[in-house]
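Q: Sequence:
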Amino acid sequence: MSGRLIGVGTGPGDPELLTLKALRAIETADVIAHFLKRGRNGNARSIVAAHWPDKAIELPLPYPVTTEMDRREDGYKAQIGAFFDESAKNIAEHLDQGRTVAVLSEGDPFFYGSYMHIHVRLAPHYPTEVIAGITSLSGCWSQAGVPLMQGDDVFTVLPGTLELSDLARRLGETDSAVIMKVGRNLPKIRQALEAAGKIDRAIYVERGTMADSVVTPLAERDDSPAPYFSQVLVPGWKDRP
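Numbering (my numbering), first residue to last: 9 to 249.
Fair warning: there could be bad hints in the mix.
[Unchecked claim] Under the rule of at most 25 Å between Cα atoms (straight-line distance), these lysine-lysine pairs were calculated in the DSS-like manner:
1. LYS85 x LYS97
2. LYS189 x LYS206
3. LYS45 x LYS97
4. LYS189 x LYS85
5. LYS45 x LYS189
6. LYS63 x LYS29
7. LYS63 x LYS97
8. LYS85 x LYS45
9. LYS206 x LYS196
[Said to hold, decoys possible] Distance ranges between label pairs, derived from CB positions:
10. ASP62 x ALA140: 23 to 31 Å
11. LEU28 x ASP208: 34 to 42 Å
12. ILE65 x ASP174: 40 to 48 Å
13. ASP62 x VAL223: 32 to 40 Å
14. SER150 x GLY106: 37 to 45 Å
15. PRO235 x LEU28: 28 to 36 Å
16. GLU101 x ALA227: 45 to 53 Å
The hints are simulated quantities; they were obtained by calculation from the structure and are not laboratory data. Because the structure is a prediction, the values reported are computed rather than measured. Just so you know, even glycine gets a beta-carbon here, dropped at the ideal spot from N, CA and C.
With the hints as constraints, model all of the structure from the sequences given.
A: Now the structure itself:
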């Protein structure tokens with residue numbers, strides 16, 4: 009009999025935003041796998057640290073490359089593809105021995121999460137469950153205290169890696185937005201917001217819900233590279249009281 013695969017959403021960073029269902033899965037898992045940058049502790053691992061079961065086998069999955077290469081380069085695609093193949097194989101070895109494997113995912117597993125690469129490789133072959141997590145989006149706008157959309161507002165999630173013209177166009181077409189993958193794209197994001205006429209309402213959130221979080225109008229933030237856990241909020245609801 010095969011084991012069971014569980015994709016576990018750990019939430020946006022604050023350990024208290026870990027759901028009860030996620031906590032039960034972690035405490036009863038035989039194996040807990042988690043992604044991390046080589047040489048560092050993974051964020052998802054840190055979120056659940058207080059609840060880590062003594063009996064669980066830990067399976068770290070260190071990325072071979074993160075921001076050292078452009079994700080569109082063939083070299084990046086080859087390395088990251090091989091990494092997910094190997095990670096799925098390592099997890100499958102435990103599943104084949106009848107173990108329950110929980111794979112931690114920051115935020116929600118199916119929202120820009122690395123877990124989804126494991127899911128598409130293994131879910132067709134093993135019993136699988138996905139436990140939804142609180143997304144970084146809701147964590148950031150709750151921390152900022154900013155309602156983002158209301159009524160018939162159209163809401164758009166945009167990666168800051170888009171070309172400037174595409175980013176500006178999409179910002180101009182939507183009522184509210186969250187821009188992710190900020191990093192070194194911050195100057196371009198600022199230009200796109202200026203072109204769309206929405207720079208004045210943009211809010212920068214860094215490490216939302218974490219202990220060292222920062223919330224400030226984007227206009228007051230300089231153009232130095234933003235940390236990985238950063239987003240730009242563009243509120244809608246123009247006729248708010």
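Q: Please go over all the hints and tell whether each is borne out by the structure.
A: Consistency of the hints with the structure:
no.: 1; hint: LYS85 x LYS97; result: holds, 18 Å
no.: 2; hint: LYS189 x LYS206; result: holds, 19 Å
no.: 3; hint: LYS45 x LYS97; result: holds, 19 Å
no.: 4; hint: LYS189 x LYS85; result: holds, 18 Å
no.: 5; hint: LYS45 x LYS189; result: holds, 16 Å
no.: 6; hint: LYS63 x LYS29; result: holds, 19 Å
no.: 7; hint: LYS63 x LYS97; result: holds, 22 Å
no.: 8; hint: LYS85 x LYS45; result: holds, 17 Å
no.: 9; hint: LYS206 x LYS196; result: holds, 14 Å
no.: 10; hint: ASP62 x ALA140: 23 to 31 Å; result: holds, 27 Å
no.: 11; hint: LEU28 x ASP208: 34 to 42 Å; result: holds, 40 Å
no.: 12; hint: ILE65 x ASP174: 40 to 48 Å; result: holds, 44 Å
no.: 13; hint: ASP62 x VAL223: 32 to 40 Å; result: holds, 37 Å
no.: 14; hint: SER150 x GLY106: 37 to 45 Å; result: holds, 40 Å
no.: 15; hint: PRO235 x LEU28: 28 to 36 Å; result: holds, 29 Å
no.: 16; hint: GLU101 x ALA227: 45 to 53 Å; result: holds, 52 Å
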